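Student: Residue numbers for the sequence shown follow this note's numbering, beginning at 143 and rising by one.
It should be emphasised that the hints constitute simulated quantities derived from the structure, not laboratory data. Quick caveat, the model's predicted, so the values are computed rather than measured. Glycine is no exception: its CB is placed at the ideal position from the N, C-alpha and C atoms. Take these hints with a grain of salt, some might be off.
DSS-like cross-link-like pairs, simulated, lysine-lysine; straight-line CA separation at most 30 Å [claimed, not checked]:
id, residue 1, residue 2
1, LYS199, LYS223
2, LYS214, LYS198
3, LYS202, LYS214
Listed next, with one range per pair, are the computed distances between beta-carbon atoms [as the list claims (entries may be wrong)]:
id, residue 1, residue 2, range
4, GLU210, ARG237, 35 to 43 Å
5, LYS223, GLY249, 38 to 46 Å
6, ARG181, GLN152, 42 to 50 Å
7, ASP230, ARG181, 29 to 37 Å
8, ARG237, SER205, 45 to 53 Å
9, PHE254, ALA173, 34 to 42 Å
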Amino acid sequence: QLREQEQAVQSAAQGVETCEGVVAEQRDLSAMLRGDGERHRAEAARLEAENPFKHKKRIKQMSVHAREADRKALEAEAELKGYEEARDQAEGVLRAAQQRLEDMAWGFRELFGGSSSRPSTSQKGGVRAPLLPLRPPSSPFALLSLSAQFPFFSPPFLSPSF
Numbered sequence: 143q144l145r146e147q148e149q150a151v152q153s154a155a156q157g158v159e160t161c162e163g164v165v166a167e168q169r170d171l172s173a174m175l176r177g178d179g180e181r182h183r184a185e186a187a188r189l190e191a192e193n194p195f196k197h198k199k200r201i202k203q204m205s206v207h208a209r210e211a212d213r214k215a216l217e218a219e220a221e222l223k224g225y226e227e228a229r230d231q232a233e234g235v236l237r238a239a240q241q242r243l244e245d246m247a248w249g250f251r252e253l254f255g256g257s258s259s260r261p262s263t264s265q266k267g268g269v270r271a272p273l274l275p276l277r278p279p280s281s282p283f284a285l286l287s288l289s290a291q292f293p294f295f296s297p298p299f300l301s302p303s304f
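Model the full assembly from the supplied sequences, consistent with the hints where possible.
Tutor: In structure tokens, the structure reads:
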């Protein structure tokens, strides 16, 4: 049972790692799109200052490209919020699995004659340190496996509203 719980903690940690990777990628995409919009607007302003009549068509193109980049950036930021919620949910699953593992470990220690004075969270400073270090994700697609491993976990892009 303890090994199964250790595997559940490992699996939850991988889920958090994957979510962190997806959030970082989405954040980068949003920043890139914002930068594209700014670059197109700057080019349109430069052409406008240079000669508005000569570059009328190109100025219009740059303005259209800037609006499109802004629209895509807003969409990316909306998706980012969903991914951040999924990451928070995965972190909750990890914390619960770690707590269960810690509880089981204390139970075994007490059962086999170990110390029965378990330190409380207040003695540790009120914050529990994670049992596992979080590493960058190995694959952005591992997030999909969370829904199979944890039926109550549903990343936003798997929900019917998307």
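Student: For every hint, state whether the structure bears it out.
Tutor: Hint check:
A threshold of 30 Å between alpha carbons decides the hint, and for LYS199 with LYS223 the separation of about 37 Å lies outside it, so the pair is violated. Between LYS214 and LYS198, the direct Cα distance comes to roughly 25 Å. Compliance with the 30 Å bound is thereby established for this hinted pair. A hinted pair counts as satisfied when its Cα atoms are at most 30 Å apart, and LYS202 with LYS214 qualifies at roughly 18 Å. Separated by about 41 Å at the C-beta atoms, GLU210 and ARG237 satisfy the suggested range of 35 to 43 Å.
As the Cβ distance of LYS223 to GLY249 is approximately 39 Å, the hint placing it in 38 to 46 Å holds. A hinted range of 42 to 50 Å holds for the C-beta pair ARG181 and GLN152, which are about 43 Å apart. For the pair ASP230 and ARG181, the beta carbons lie near 33 Å from each other, so the given range of 29 to 37 Å is met. The hinted range of 45 to 53 Å is satisfied by ARG237 and SER205, whose Cβ atoms lie roughly 48 Å apart.
Distance hint check: the CB atoms of PHE254 and ALA173 are about 53 Å apart, inconsistent with the given range 34 to 42 Å.
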